[in-house]
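A.B. asks: Residue strings, one per chain:
Protein chains: 2
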Amino acid sequence: MDFKTWMAEVQARTERALELSLPAATLAPRRLHEAMRYAVLGGGKRVRPLLCHAAGAVFATPADRLDAPACAVELIHAYSLVHDDLPCMDDDVLRRGKPTCHVEFGEATALLVGDALQAQAFEVLARPGPAADPARQVAMLAMLAQAAGSLGMAGGQAVDLDSVGKSLDLPDLEFMHLRKTGALIRASVLLGAHAGGADAPALERLAHFANRVGLLFQVVDDILDATADTTTLGKTAGKDAAHDKPTYVSILGLVRARELAGELREEALATLEPFGAAGGRLTELTRYIAERSF
Amino acid sequence: MDFKTWMAEVQARTERALELSLPAATLAPRRLHEAMRYAVLGGGKRVRPLLCHAAGAVFATPADRLDAPACAVELIHAYSLVHDDLPCMDDDVLRRGKPTCHVEFGEATALLVGDALQAQAFEVLARPGPAADPARQVAMLAMLAQAAGSLGMAGGQAVDLDSVGKSLDLPDLEFMHLRKTGALIRASVLLGAHAGGADAPALERLAHFANRVGLLFQVVDDILDATADTTTLGKTAGKDAAHDKPTYVSILGLVRARELAGELREEALATLEPFGAAGGRLTELTRYIAERSF
Chain A
1 MDFKTWMAEV QARTERALEL SLPAATLAPR RLHEAMRYAV LGGGKRVRPL LCHAAGAVFA
61 TPADRLDAPA CAVELIHAYS LVHDDLPCMD DDVLRRGKPT CHVEFGEATA LLVGDALQAQ
121 AFEVLARPGP AADPARQVAM LAMLAQAAGS LGMAGGQAVD LDSVGKSLDL PDLEFMHLRK
181 TGALIRASVL LGAHAGGADA PALERLAHFA NRVGLLFQVV DDILDATADT TTLGKTAGKD
241 AAHDKPTYVS ILGLVRAREL AGELREEALA TLEPFGAAGG RLTELTRYIA ERSF
Chain B
1 MDFKTWMAEV QARTERALEL SLPAATLAPR RLHEAMRYAV LGGGKRVRPL LCHAAGAVFA
61 TPADRLDAPA CAVELIHAYS LVHDDLPCMD DDVLRRGKPT CHVEFGEATA LLVGDALQAQ
121 AFEVLARPGP AADPARQVAM LAMLAQAAGS LGMAGGQAVD LDSVGKSLDL PDLEFMHLRK
181 TGALIRASVL LGAHAGGADA PALERLAHFA NRVGLLFQVV DDILDATADT TTLGKTAGKD
241 AAHDKPTYVS ILGLVRAREL AGELREEALA TLEPFGAAGG RLTELTRYIA ERSF
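In the order they appear, the protein sequences are chains A and B.
Heads up: the first sequence at position 116 corresponds to 116 in this note's numbering, and the numbers run straight through without jumps.
Heads up: the second sequence at position 122 corresponds to 122 in this note's numbering, and the numbers run straight through without jumps.
For reference, chain A alone in the conformation it holds in the complex (with noise of 0.2 Å):
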């Protein structure tokens, strides 16, 4: 199959897998359900699916396992979204082309939609089918708590905050995308490898992996909201800059982003070579988010 049919696909099977995990729309508390689809459904590229199963996919797994925790990290990820969007946050009205949570149904439910989400996430994660060991699916549910806490994507979250209107350094930048968008990266690609019952050696390749791909994902996301038009994000572009946040782009300027994001795309190839032709899927992805366009 490939990449591209493999992709489709992988979204298609996703999008299946979030609308029968989230409660019906018809289920009290209805606006809140409701509210909960439309942050979820029918939008987003859907990165951390596909690295949980291109991950899955080193070790054979069968796409059924992966829908569990490709979920859980999307689930984690679009209430992130959420709560980000929020006026007290990044303010913002437009995301996956469509009006943001709060403007659609007000800043009470959108606050509750994001709570509802995340604790749907690990809902999802601890029902039945993810590892074949009980111990296993533990650790995998203690491995996305950690990627969604303090010391992950909130705490990430958390240094962005402060970070606005002050010159960090480029050490200062890499410790909060490893943390705001690399926590729950590593998570979607290690828990992928878990449900594929991968060993400690493996997992701690791919680790190494992660965080040269959520780098590399952020890198291209500072370069394309400074270089890219609305339409084509589908979300507010020209943010960073508006809101005075420092990034790749604003520390180093096009040209060095854009040469950073070829070497962390190469760094990242390398570590999947001992996986030989088991690493494809991961590999294409690779490609695939470091030209990504939108």
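Everything labelled a hint here was simulated from the structure, so no lab data went into it.
Here the structure is a predicted model, which is why all the values come from computation and not from measurement.
Beta carbons: idealized from backbone N, C-alpha and C, even for Gly.
One should not assume that every hint holds.
[Claimed, not checked] Here are some chain B residues the structure puts well away from chain A; computed CB gaps all over 10 Å:
1) F3
2) G43
3) C88
4) P99
5) E123
[Unchecked claim] Some chain A residues near chain B, calculated using beta-carbon distances under 8 Å:
6) L111
7) A142
8) A145
9) Q157
10) E291
[As the list claims (entries may be wrong)] From the derived model, a few chain B residues whose C-beta atoms are all more than 10 Å from chain A:
11) E9
12) M36
13) T109
14) A119
15) L141
16) D162
17) D240
18) L252
19) R258
Fit chain B to the supplied structure of chain A, relying on the hints for placement.
C.D. replies: Below, chain B alone, put in the same frame as chain A:
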């Protein structure tokens, strides 16, 4: 050991366990960790940890096995208070006798504090210890997620939000409270029982008990909100009436609400009888919840 001594001991060990479970305030991001500790430590009656330990006592569970579930439910509770107090929700300035988290640290940080505390709850419960059998630990994590999510606490808050200014009837009010406060109280009892290795019939009986105690807790809360003063409560009194929120007092009147509290107390106590002396702490705690004045 008499009840008051037992209670003080559980509160003290819960404080220590929470203190240990939260990242140090010296660890980056410092402001976030400081704010998380502010929101969790040194306050609160710790009703949910008390219920967890009292339910564990039915099965003679060692107290150190109950610390993780007790912390987990208290962390979920603490996060819900931080988000509930935000300007877009109840917009409250006083909690546990101190300025609310967003008054002290700003709205954006308070939002992240709640988000990070929820993740921390799952992280604590996913550590080794709370159950001898990892399959049971997965079930406990699933239970916590359901209690926190859109069919539990977050769902109850959504119903609460929609109820402002409406005249709910008693079944609607019960529907809301079984979720808003009831779901986490039920989880507190059942997680304690799970940690003690309870079998299915005992869990079912305790679920019934917990539903009664959850409603009892809420009825007493409504009575206190209508009759006590702000200094005694450590939070803003008279808030429900001021926000035009339906309560047991507004629907039933004070006299009938007090009668209902008595009935719920007796129903709860009756479900404990088959446990005999082993149910002693739960019996004492039920009486305490019925008679509390703060």
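A.B. asks: Now tell me, hint by hint, if it's right for this structure.
C.D. replies: Hint check results:
1. F3: Consistent with the label, F3(B) stays out of reach of chain A, its closest Cβ about 33 Å off (over 10 Å).
2. G43: holds (20 Å)
3. C88: Check fails; 4 Å does not lie beyond 10 Å.
4. P99: holds (17 Å)
5. E123: Given a closest Cβ separation of 4 Å, the condition is violated.
6. L111: holds (6 Å)
7. A142: With a minimum Cβ separation of about 4 Å from chain B (threshold 8 Å), the hint on A142(A) holds.
8. A145: The hint holds - A145(A) has a Cβ within 8 Å of chain B, the shortest such distance being about 4 Å.
9. Q157: For Q157(A), the interface hint holds, since the closest Cβ of chain B sits about 6 Å away, which is under 8 Å.
10. E291: violated (32 Å)
11. E9: holds (28 Å)
12. M36: The claim is violated: M36(B) sits with its nearest Cβ about 6 Å from chain A, within 10 Å.
13. T109: Nearest chain A Cβ is 7 Å from T109(B), so the label is violated.
14. A119: violated (4 Å)
15. L141: At about 5 Å from chain A, L141(B) fails to clear the 10 Å cut-off, so the statement is violated.
16. D162: violated (7 Å)
17. D240: holds (17 Å)
18. L252: Per Cβ check, L252(B) is outside 10 Å of chain A; nearest 23 Å; holds.
19. R258: holds (29 Å)
When held up to the earlier numbered hints, the structure conflicts with 3, 5, 10, 12, 13, 14, 15, 16 and fits the remainder.
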